[in-house]
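All chains should be built: construct the whole structure from the sequences, respecting the hints.
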Amino acid sequence: MEKKGLASMVAAYEALSSARAGGEFSWLDDMKDEAFRHWKAEGLPTRGLERWKYTSLEALNGAVVELPDKREIGEITNPFATARFTAEIVFVDGVFHPAASRLPAVEGIRYAFLSELIDRSRKGGLASDQHELVVTMRGFFEKGETHSRSVFASLNTSFLQDALLLQVDAGKTFKDPILVRHVTGGAAKRESGFSVSSPRVLISVGRSSEFAIVEAFNSESEARWFVNSVTDILLGDAARVSYCRVQLENEDSLHIGTTRIHHSRNSYSESAQFTFGARLSREDLLIRLDAEGAEAKLSGFYFARGQQHVDNYTLVDHEVPYTTSDQIYKGILDGESRAVFNGHVRIHRNAQKSHAAQVNKNLMLSRKAEVDTRPELEIDADDVKASHGATIGQLDPEHVYYLQSRAIPKHEAVKMLARGFAQEIAFGLQNEAIRAFMSGIVAERLNGMEVGHE
Amino acid sequence: MGNLLEIKNLHASVEGKAVLKGINLEVKAGEVHAIMGPNGSGKSTLSKVIAGHPGYEVTEGSILYEINFQMKDLLALSPDERAKEGVFLAFQYPVEIPGVSNFEFLRAAFNSVCKHHGTPEMDEPSFREFLRKKMEIVNMKEDFIERAVNTGFSGGEKKRNEILQMAVLSPRLAVLDETDSGLDIDALRVVADGVNRLRSKDNAIILITHYQRLLDYIAPDYVHVLAGGRIIETGDKTLALKLEERGYDWLLQN
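Each protein sequence line maps, in turn, to chains A and B.
Quick note on numbering: the first sequence equals residues 264 to 717 in my numbering.
Quick note on numbering: the second sequence equals residues 498 to 751 in my numbering.
Some hints here could point you the wrong way.
Said to hold, decoys possible - Distance condition first, Cα-Cα at most 27 Å in a straight line; then the derived DSS-like pairs of lysine-lysine: (1) B/K612 / B/K698; (2) B/K612 / A/K673; (3) B/K505 / B/K518; (4) A/K303 / A/K266; (5) B/K569 / A/K673; (6) B/K655 / A/K673; (7) A/K560 / A/K406; (8) A/K438 / A/K560; (9) B/K655 / B/K630.
What the hints assert, rightly or not - Calculated from the model, a selection of chain A residues having no Cβ within reach of chain B, i.e. all distances over 12 Å: (10) V273; (11) L279; (12) S280; (13) L312; (14) L320; (15) A322; (16) L330; (17) L366; (18) Q393; (19) E395; (20) V397; (21) N513; (22) L578; (23) Y585; (24) E695.
The hints are simulated quantities; they were obtained by calculation from the structure and are not laboratory data.
Since the model is a prediction, treat every value here as computed from it, not as a measurement.
Think of the CB as a built atom: it goes at the ideal place given N, C-alpha and C, for glycine as much as any other residue.
Structure follows, in C-alpha cells:
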C-alpha cells in the first residue's frame, strides 16, 4: 500500500517548524517532536495488528492529510438543545472559538485554553495562577503518555493547535453538565484527502467532587475531515464523573477517538459513547483501575447505515484488588454497514475480589450488514467475578406484529422497536440532564432513519 | 342489520399443518360470541388469522368485514390496516417490548388510527388526559404508562394492558383470545368489567375461552364449540353451562 497518508503527515509536521510555541512552552515543542518520532517510526496501524484486525485504515493511508487552511470562520450553528448545560465550549477545527462559546464563571471550575495561554505568554508573560495551569497541563500530557501510547494519541499531540483544561476543585458537586462541542468547519471539500483536526481535552476532577461532561462532535459542512480526538480524564480520590461522547460527523469523515480515564481510590467513572456519524470511526476507551475501590461503568450505542464502519475498542485494566467494571454496548446496523466491538478486560494477578461484566448486543436491520464482536478476557487472578455476553440478532417478528396489530404500520413499528433497543443505553445514563439530552438525540436519529428494505 | 364479519369455509394452516378446516361464522354489531373448545381445536389460530398474523396461511375460504357499509376482503389487508379499520385482538400472551414506553406505544397506536380516519391526532397532554380516563376502566395505576410495554408486568397486568389498548382504540370487532387465562378471580372481574363497559350496540366481541367462568361475567349472545378445526355446535349461553357440566366428549362423539 502506498503510504501517502503518512508521508503527507510527515511533510505537514515538518512544515510546522515555524509554528513552535517556544519560550515557556518549549516542553510542548519537545513533546510534539517526541510524539512525531513515535508515529513516524510506527506508521499507521494495519490490519495485521491484532487491535486493527477488522478495521482497515486504507482510506487514511492512501489519502493526503493536510492541516486546515487558514480562513475566516463564519457563524457556528448549534444543533443541540443546550439549556441544561452549565457552560458550552466550542472548538472549531480543534481550536477554541470564544464567540460561539458560553463560559459563565462557576466557582470551583477552572477553564484554560492552551492557545490563549501561549498567546498571553508571548504578549508579556503569564500571571502566577496561569503559570500554575500550564504546569497542570504539562503534567496531564505526561500522564497521558505513561497511561498508554498509541500512534493516534501521538498524532494528536504533534498536530494539536489547542487544548482545553477543565479543572474541578475538591469537594464540589456539579449535577448539570458542561458541553464541549467539536465542530469541523467549512474547509474546501477535497476530492480525496482529509483535513486533520486534533481536539484535545484534559479533565481533572478533584477529590470527592462530582462532575458531568458531554463532548459532541459534529460537522458544519460536507468537507472531509480526519478528526483525531484525545481526551484524558483524571479522577481524584472518591471523585465521580459522568462522561459522554456523541459523534455526529458527516459521512465522508474519518473519526478516531481516544479516551483515557485515570482513576484513584474509590473513584467512579461513567462513560458513554454514542456513534452516529463518520464514514469510518474508531473509539478507544482505555480505563486503568489502579487504585482500590475504583469503579467504571462503560456504555455505548452505535447506529451505522450505508457504508459506515464503526469500531469500538474498550480496555479495562483491573490492576489492584476491589475494582469493578461493568460495560454494555449496543448497536444497530443497517445497509451494508459494519461494526466492530472488542471489549478487552485484563484482571491482573493481584487484583483479587474484582468484578468485571461485559455485554454487547447487536440488532441487524439488513442482511448485508456485518458485526464482529469480540470479548477478550484475560484473568490472572483467581478470586474474581467476570462475565461477558454477546448477541447478534434481528428484530423479533412477534414484536413487529404486536405493534402492527395495534394499527402501527410496519416501518413505524421497526423504528419504534429500534428506538427501544437503543434507548436502553440512553435511559441507563445516571446523570439526568445527560440522559434527557442523549435520549433526545437517539430518538431524533432513529426517527430519521429510512426503513422498508429487507 | 347486516353482518360485521362473515367467515366462510375458512381453512388455515401453520407451518404446513392444517388447523382450521372449514369455519363458518357470522357476527353482527352489538353481538358477543363465545368460542369454546378443547386444546388444539384451532381457537387461537382463528383469532390470529382474523388479526392477520403472518405465520398463518389461509388455504381456502374467506373473511369479509364491513368497511363503510360494504363487505370487504379482510385477508387482503395488512395487520395494521385491519387495526385501523377497527379489528382488535387481545393477545393470549402479550409480548414484552423493552425500551418502548406504554405511553409512547398507546399514543402511536391511537394517532395512527386518527390519521387513517382523517381525524386530528392528539398531542401529548391531551392524550395523557384521555388515557387517564381509559385507565380507570381497567383500574390501572398512573405509573403504569411510563413503564416499558408489558416488560416485567404480572400476568394480570398484561391482560389489563390489553383491555386498556382496546379501550384506547375503540375497535368495532374485538377478539379476546383467552383473556381470562391465568387470572385470579379479582383480576378476572376487573378485566370482565372493563370489557362490559366497552361493549356497545356498535361493536362486536368474540371471546375465546376455555372456561365457562368468564361467561358468568360477560354474557354472550352465542356460544360456539370449535373442535378439530370446525364449529361443531352453536347455541346460546346455556350451551356453555352444559359444557361446564358435561365436558366436550358428548359433542365429539357425534
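To see whether the hints hold, each was checked on the structure:
With a CA separation close to 25 Å, the supplied pair B/K612 and B/K698 stays within the 27 Å bound. With a C-alpha separation of about 15 Å, the suggested pair B/K612 and A/K673 falls inside the 27 Å cut-off, and the hint holds. With a C-alpha separation of about 11 Å, the suggested pairing of B/K505 with B/K518 holds against the 27 Å cut-off. Using a Cα cut-off of 27 Å, the hinted pair A/K303 and A/K266 holds, with the two alpha carbons roughly 11 Å apart.
Between the alpha carbons of B/K569 and A/K673 the distance comes to roughly 22 Å, so the proposed pair stays at or under 27 Å and holds. Between the alpha carbons of B/K655 and A/K673 the distance comes to roughly 23 Å, so the proposed pair stays at or under 27 Å and holds. For a cut-off of 27 Å, the pair hint linking A/K560 to A/K406 stands: about 22 Å separates their Cα positions. A distance of roughly 18 Å separates the Cα atoms of A/K438 and A/K560; the hinted pair therefore holds under the 27 Å criterion.
Simply put, B/K655 and B/K630 have alpha-carbon atoms about 18 Å apart, close enough for the 27 Å limit, and the pair holds. No beta-carbon of chain B comes within 12 Å of the beta-carbon of A/V273; the shortest separation is about 48 Å. Non-interface status of A/L279 relative to chain B is upheld: no Cβ of that chain comes within 12 Å, the nearest being about 48 Å off. The beta carbon of A/S280 sits about 54 Å from the closest Cβ of chain B, which is more than 12 Å, so the claim that it is off the interface holds.
A/L312, annotated as away from the interface, keeps every beta carbon of chain B farther than 12 Å; the closest lies near 36 Å. The non-interface label for A/L320 is consistent with chain B: the shortest C-beta to C-beta separation is roughly 34 Å, beyond 12 Å. Residue-level check passed: A/A322 sits 34 Å from the nearest beta carbon of chain B, beyond 12 Å. Against chain B, the non-interface label of A/L330 holds: every CB pair exceeds 12 Å, the least being about 43 Å.
Every beta carbon of chain B lies more than 12 Å from that of A/L366, the smallest distance being close to 35 Å; the non-interface claim holds. At the 12 Å boundary, the C-beta of A/Q393 stays outside the reach of chain B, the nearest C-beta of that chain being 48 Å off. Distance check for A/E395 against chain B: the nearest CB is about 47 Å away, which clears 12 Å, and the non-interface claim stands. Residue-level check passed: A/V397 sits 47 Å from the nearest beta carbon of chain B, beyond 12 Å.
In this structure A/N513 is separated from chain B by more than 12 Å, as the shortest Cβ-Cβ distance comes to about 28 Å. At roughly 28 Å from the closest C-beta of chain B, the C-beta of A/L578 stays outside 12 Å, upholding its exclusion from the interface. Distance check on A/Y585: its Cβ is at least 32 Å (rounded) from any Cβ of chain B, clearing the 12 Å threshold; non-interface status holds. At the 12 Å boundary, the C-beta of A/E695 stays outside the reach of chain B, the nearest C-beta of that chain being 15 Å off.
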